[in-house]
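Chain B: place on chain A using the hints.
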Amino acid sequence: MEIINLEGTEDTPKIILDKTNKIFEISGRSLPEDSAEFYQPVLDWLEEYAKDSLPETIFDFKLEYFNTASSKLILDVLTALEDIKNAKVHWYFYEEDEDMEEAGEEFSELVDVEFELKPY
Amino acid sequence: MKYIYDMHQMMLKNNIILVYEGEFTQEITKSVLAMAERNMDSIGEESGIKRKVFNVMVECLQNIVKHGDEYISSEININTAIFMIGKHKDSYIITSGNPIRNDMVEDLRSKLDMINSLDKEGLKSLYKDIIKSGTGLTNKGGAGLGFVDMARKSGQKLEYGFEPLQGDHSFFSLKTTVPRG
Numbered sequence: 001m002e003i004i005n006l007e008g009t010e011d012t013p014k015i016i017l018d019k020t021n022k023i024f025e026i027s028g029r030s031l032p033e034d035s036a037e038f039y040q041p042v043l044d045w046l047e048e049y050a051k052d053s054l055p056e057t058i059f060d061f062k063l064e065y066f067n068t069a070s071s072k073l074i075l076d077v078l079t080a081l082e083d084i085k086n087a088k089v090h091w092y093f094y095e096e097d098e099d100m101e102e103a104g105e106e107f108s109e110l111v112d113v114e115f116e117l118k119p120y
Numbered sequence: 001m002k003y004i005y006d007m008h009q010m011m012l013k014n015n016i017i018l019v020y021e022g023e024f025t026q027e028i029t030k031s032v033l034a035m036a037e038r039n040m041d042s043i044g045e046e047s048g049i050k051r052k053v054f055n056v057m058v059e060c061l062q063n064i065v066k067h068g069d070e071y072i073s074s075e076i077n078i079n080t081a082i083f084m085i086g087k088h089k090d091s092y093i094i095t096s097g098n099p100i101r102n103d104m105v106e107d108l109r110s111k112l113d114m115i116n117s118l119d120k121e122g123l124k125s126l127y128k129d130i131i132k133s134g135t136g137l138t139n140k141g142g143a144g145l146g147f148v149d150m151a152r153k154s155g156q157k158l159e160y161g162f163e164p165l166q167g168d169h170s171f172f173s174l175k176t177t178v179p180r181g
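Same order as they appear, the protein sequences are chains A and B. Here my numbering is used: the first residue of the first sequence is 1, the next is one more, and so on. Here my numbering is used: the first residue of the second sequence is 1, the next is one more, and so on.
So that you can see chain A by itself, here it is in the shape it has in the complex:
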């Protein structure tokens, strides 16, 4: 499967989707001008991956900041993980960032995917 590897910028997150090396990660800042357009390739990739996924998939979210327009798309990404067998989310948050911790809790309540909240 093709690899998605996007460098992070000041308003878009770093994204790595790499089946061969078992890396599934979104990190950094997410406040793109058009969040739907930005996240569409990720959603397309996950839909394709779901057809022939690894026995276990650990998806790392290590976000420093995301805006409200991105939150709907993050939920879409999480919802896409519901269709992937043994998918699990590792939601990283800076240990003093209560808002990011709470965001992880809220997302975990909205989707049927195993979540682990991980302070760093």
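Any given hint could turn out to be false.
Heads up, simulated DSSO-like pairs for lysine-lysine below, C-alpha to C-alpha not over 30 angstroms straight-line [to be verified]: (1) A:118 / B:128; (2) B:30 / B:89; (3) B:120 / A:118; (4) B:124 / A:62; (5) A:22 / A:118; (6) B:30 / B:87; (7) A:14 / B:153; (8) B:132 / A:14; (9) A:85 / B:132.
Now the stretches of chain B that chain A is said to cover, found in silico as 3 or more residues with beta-carbon under 8 angstroms [what the hints assert, rightly or not]: (10) 40–51; (11) 58–64; (12) 121–131.
Okay, the calculated beta carbon distance ranges per label pair [unchecked claim]: (13) B:102 / A:18: 45 to 53 angstroms; (14) B:156 / A:58: 32 to 40 angstroms; (15) A:105 / B:28: 54 to 62 angstroms; (16) A:6 / B:102: 40 to 48 angstroms.
For the record, the hints were derived by calculation from the structure and aren't laboratory data. This one's a predicted model, so the numbers in the text were calculated from it and none came from an experiment. By construction, the Cβ of each residue, glycine as well, lies at the ideal position given by its N, Cα and C atoms.
Coordinates of chain B only, in the frame set by chain A:
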């Protein structure tokens, strides 16, 4: 020339550390955010406060960007807005003002009043409802999600006002207070 002095005095009096007036775009948003971040870094602002201010600024600025193109009018130069940050001893004040169509006033007022009527838990469940249902969400966000987030992150009521402009527009002013420490 006195207006320069007056402007400076007005900014000092209101503890304004940053003003931007003009057209708002994503590029401008990024620049304004970078300047405000540098300012907060230079005084060693606590990281938790910095994150909240950043959060409120993003929603405020992107609100103006996404609605800017809806209000272009040929009659008057209406497609400009203002954004300001004030730094006080006990709080940051994030304010914005932008023209909107008069027919948007009641909708905005009712959204903001509804948000201001909710407590922390109420805001949390409204936030979850909006992102889950996607109701009223467009590619740009919408449905007042940005306002809900500003209220949640600041922990304060959102203050607002409308001033009549020429033609069928009003000037929408919004003020969010982020307490320091």
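For each hint, the structure was consulted:
Restraint check for residue 118 of chain A and residue 128 of chain B: satisfied, since their Cα atoms lie roughly 22 angstroms apart, inside the 30 angstroms limit. Straight-line distance between C-alpha atoms of residue 30 of chain B and residue 89 of chain B comes to about 26 angstroms, which keeps the hinted pair within the 30 angstroms bound. About 24 angstroms separates the Cα atoms of residue 120 of chain B and residue 118 of chain A, which keeps this hinted pair within 30 angstroms; it holds. The straight-line distance between the Cα atoms of residue 124 of chain B and residue 62 of chain A is roughly 22 angstroms, inside the 30 angstroms bound, and the hint therefore holds.
With a CA separation close to 19 angstroms, the supplied pair residue 22 of chain A and residue 118 of chain A stays within the 30 angstroms bound. Restraint check for residue 30 of chain B and residue 87 of chain B: satisfied, since their Cα atoms lie roughly 20 angstroms apart, inside the 30 angstroms limit. A distance of roughly 24 angstroms separates the Cα atoms of residue 14 of chain A and residue 153 of chain B; the hinted pair therefore holds under the 30 angstroms criterion. Between residue 132 of chain B and residue 14 of chain A, the direct Cα distance comes to roughly 25 angstroms. Compliance with the 30 angstroms bound is thereby established for this hinted pair.
Taking the CA atoms of residue 85 of chain A and residue 132 of chain B, the gap is near 22 angstroms; set against the 30 angstroms cutoff, the hint holds. Chain A is given as covering the segment 40–51 of chain B, and this holds because 3 residues of the stretch bring a CB closer than 8 angstroms to a CB of that chain, at least three being needed. Coverage of the segment 58–64 of chain B by chain A holds in this model, with 3 residues showing a Cβ closer than 8 angstroms to a Cβ of that chain against a need of three. For the segment 121–131 of chain B, the stated coverage by chain A is satisfied: 4 residues place a CB nearer than 8 angstroms to a CB of that chain, which reaches the threshold of 3.
For the pair residue 102 of chain B and residue 18 of chain A, the supplied restraint of 45 to 53 angstroms holds, since their beta-carbon distance comes to about 52 angstroms. Between residue 156 of chain B and residue 58 of chain A the beta carbon distance is about 38 angstroms. The supplied range of 32 to 40 angstroms therefore holds. With their beta carbons about 34 angstroms apart, residue 105 of chain A and residue 28 of chain B fall outside the hinted range of 54 to 62 angstroms. Taking the beta carbon of each, residue 6 of chain A and residue 102 of chain B are about 42 angstroms apart, inside 40 to 48 angstroms as hinted.
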